[in-house]
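Protein chains: 2
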Amino acid sequence: MIRKVRVKAPATVSNLNCGFDVLGLALREPFDIIGMELTDTGIVEIIDIKGCNNLSKDPAKNVVGVVLDAMLRKTEQKTGFRVIIEKGINPGSGIGSSAASSAGAAYAGNILLDNRFSEIELVSFAMEGERLASGSAHADNVAPALMGGITLVRSYEPLEIVKVHIPPELYCVIIHPDLEVKTSEARNVLDKQVPLKTAVRQWGNVGGLIAGLYSEDYDLISHSLTDYIAEPKRSAFIPHFYDLKATAINNGALGAGISGSGPSVFALCRGEKNALKVHKELISLMRSVKMGFKDYISPVSKEGAAVY
Amino acid sequence: MIRKVRVKAPATVSNLNCGFDVLGLALREPFDIIGMELTDTGIVEIIDIKGCNNLSKDPAKNVVGVVLDAMLRKTEQKTGFRVIIEKGINPGSGIGSSAASSAGAAYAGNILLDNRFSEIELVSFAMEGERLASGSAHADNVAPALMGGITLVRSYEPLEIVKVHIPPELYCVIIHPDLEVKTSEARNVLDKQVPLKTAVRQWGNVGGLIAGLYSEDYDLISHSLTDYIAEPKRSAFIPHFYDLKATAINNGALGAGISGSGPSVFALCRGEKNALKVHKELISLMRSVKMGFKDYISPVSKEGAAVY
Numbered sequence: 000m001i002r003k004v005r006v007k008a009p010a011t012v013s014n015l016n017c018g019f020d021v022l023g024l025a026l027r028e029p030f031d032i033i034g035m036e037l038t039d040t041g042i043v044e045i046i047d048i049k050g051c052n053n054l055s056k057d058p059a060k061n062v063v064g065v066v067l068d069a070m071l072r073k074t075e076q077k078t079g080f081r082v083i084i085e086k087g088i089n090p091g092s093g094i095g096s097s098a099a100s101s102a103g104a105a106y107a108g109n110i111l112l113d114n115r116f117s118e119i120e121l122v123s124f125a126m127e128g129e130r131l132a133s134g135s136a137h138a139d140n141v142a143p144a145l146m147g148g149i150t151l152v153r154s155y156e157p158l159e160i161v162k163v164h165i166p167p168e169l170y171c172v173i174i175h176p177d178l179e180v181k182t183s184e185a186r187n188v189l190d191k192q193v194p195l196k197t198a199v200r201q202w203g204n205v206g207g208l209i210a211g212l213y214s215e216d217y218d219l220i221s222h223s224l225t226d227y228i229a230e231p232k233r234s235a236f237i238p239h240f241y242d243l244k245a246t247a248i249n250n251g252a253l254g255a256g257i258s259g260s261g262p263s264v265f266a267l268c269r270g271e272k273n274a275l276k277v278h279k280e281l282i283s284l285m286r287s288v289k290m291g292f293k294d295y296i297s298p299v300s301k302e303g304a305a306v307y
Numbered sequence: 000m001i002r003k004v005r006v007k008a009p010a011t012v013s014n015l016n017c018g019f020d021v022l023g024l025a026l027r028e029p030f031d032i033i034g035m036e037l038t039d040t041g042i043v044e045i046i047d048i049k050g051c052n053n054l055s056k057d058p059a060k061n062v063v064g065v066v067l068d069a070m071l072r073k074t075e076q077k078t079g080f081r082v083i084i085e086k087g088i089n090p091g092s093g094i095g096s097s098a099a100s101s102a103g104a105a106y107a108g109n110i111l112l113d114n115r116f117s118e119i120e121l122v123s124f125a126m127e128g129e130r131l132a133s134g135s136a137h138a139d140n141v142a143p144a145l146m147g148g149i150t151l152v153r154s155y156e157p158l159e160i161v162k163v164h165i166p167p168e169l170y171c172v173i174i175h176p177d178l179e180v181k182t183s184e185a186r187n188v189l190d191k192q193v194p195l196k197t198a199v200r201q202w203g204n205v206g207g208l209i210a211g212l213y214s215e216d217y218d219l220i221s222h223s224l225t226d227y228i229a230e231p232k233r234s235a236f237i238p239h240f241y242d243l244k245a246t247a248i249n250n251g252a253l254g255a256g257i258s259g260s261g262p263s264v265f266a267l268c269r270g271e272k273n274a275l276k277v278h279k280e281l282i283s284l285m286r287s288v289k290m291g292f293k294d295y296i297s298p299v300s301k302e303g304a305a306v307y
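Top line first, the protein sequences correspond to chains C and U. Here numbering that gives the first Met the number 0 is used: position 101 in the first sequence is 100, and no number is missing along the way. Here numbering that gives the first Met the number 0 is used: position 224 in the second sequence is 223, and no number is missing along the way.
Hints in this document: simulated from the structure, not taken from any laboratory. Keep in mind it's a predicted model, so treat the numbers as computed, not measured.
Copies of the same chain look alike in the list, so a pair counts if it fits in one copy or across any two.
Under the rule of at most 30 Å between Cα atoms (straight-line distance), these lysine-lysine pairs were calculated in the DSS-like manner: (1) Lys-60 to Lys-196; (2) Lys-301 to Lys-162; (3) Lys-191 to Lys-232; (4) Lys-232 to Lys-196; (5) Lys-191 to Lys-162.
Please build the complete structure, drawing on both the sequences and the hints.
Next up, the structure:
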């Protein structure tokens, strides 16, 4: 029986413009690392959090604790976990920081519990971390963080996740401006009702994006990367958002938008060469407007959570 | 130069549950036939309509006339068409009767005009027929009637149609109850605004259906065939709708729903054998409730409008 494991779980970009609350993809980097040891205490202990000062070690207030506690409640008594979290992803960035820790915790816990849970059960456990972090147990980040690739939450009740075909050349460029957008605030600005006509346009794009991914039709992917729901509202939180988006697209990106609820902005590119060009231009723009930021460039990763 | 042509254009099932206003598929039968001759009169003449007594021969009041007139306005003077329409599809059935005639007219007209228009232009012309028939120039029936297979209207402005991969075993069973549902009435019962949560569920299913079609995952196709938008409202127009749907699904259909705006009910089946079983049970149900009906059973057809 394995008693000790170390896993990584990647950052993720959710929504992908048109797929509000249902689509997400895994990056190769950045990622969180979860080191975990099996104990016979019956409880979860978070003994260290590296790379981040403002996360609680109280298991009831940390997504890792909440996820593992949900798993322990489905196992026999006296099993416990001792955990060290290494944060590679900044909390509040909009690239699935809480999701990565949640997914990593579920994945590591399952290894120490002899893989008794299925992948979809792990997504359910990880969603409990999202409930703590954002107030809503959404799956559009934890699914790709666990399963890798591009995922579609087809349904929440019952939970059904589809792994979508990944064209080989997809790259993501991420600009994370130095500002905080609370997921709960980003949710509150959205209209609770949408015009049917707008909804039809949105699901035309969801269908187009999925068709484009399967058929590796980059033009179709590009045309489908449009959001009529969240971007018009949430872009107000992100200074220079439309400049960033226009710069990405004018430099050949397939599309660009808000990653999750922001503030990170992502550009989806075809091929590493184009991603490097878009990355360079976005960095140059951020410097010219004198905004602090972090930046990432990564292929869309087939791998989700994995032993590290 | 070809001066005379005869084409067929098939019936179509639009919406396919989740894909309101964007998805549709072509059947092998029934179909309309358009016989057409090039003239130098500069006008459209409809000289006969077979198989239907209540359609106008006035070109301004017949979808065929309207579609051909739209084409003629883009060509040199003095070109004209003389047309015979053979209706194989009952008007008002909900399986794209006006769309088939419109698509057939556009396809036949294009052959006589030396194929000067592209497929997407033909869809645009055929949409003018839909505007006459229903008041809205929608493409979800004319696209599959022209192009065959399963089509997605990714966007109306600009018009972009995607041909979706067709799993080999898909069959449709159609029950057309003897009653009339006006497309305009069926549109009026729909809410103009939908809750964001409902819209998210709907586009989760659109994504799931497209993914299921490409990956030939019949379970995923089946799960995705759910409609939260039109069916809850329009089912009121169709007596025994939910009995028909339940009977289809209980007998192994992948899904069932309202074809277009009804009153036809469709069941999507995997394989001819299952389609025959579902067909038999639906017929038996219609007889037991003593409702008049017509019925069709057809594979999903790769072929749309074609010379006949």
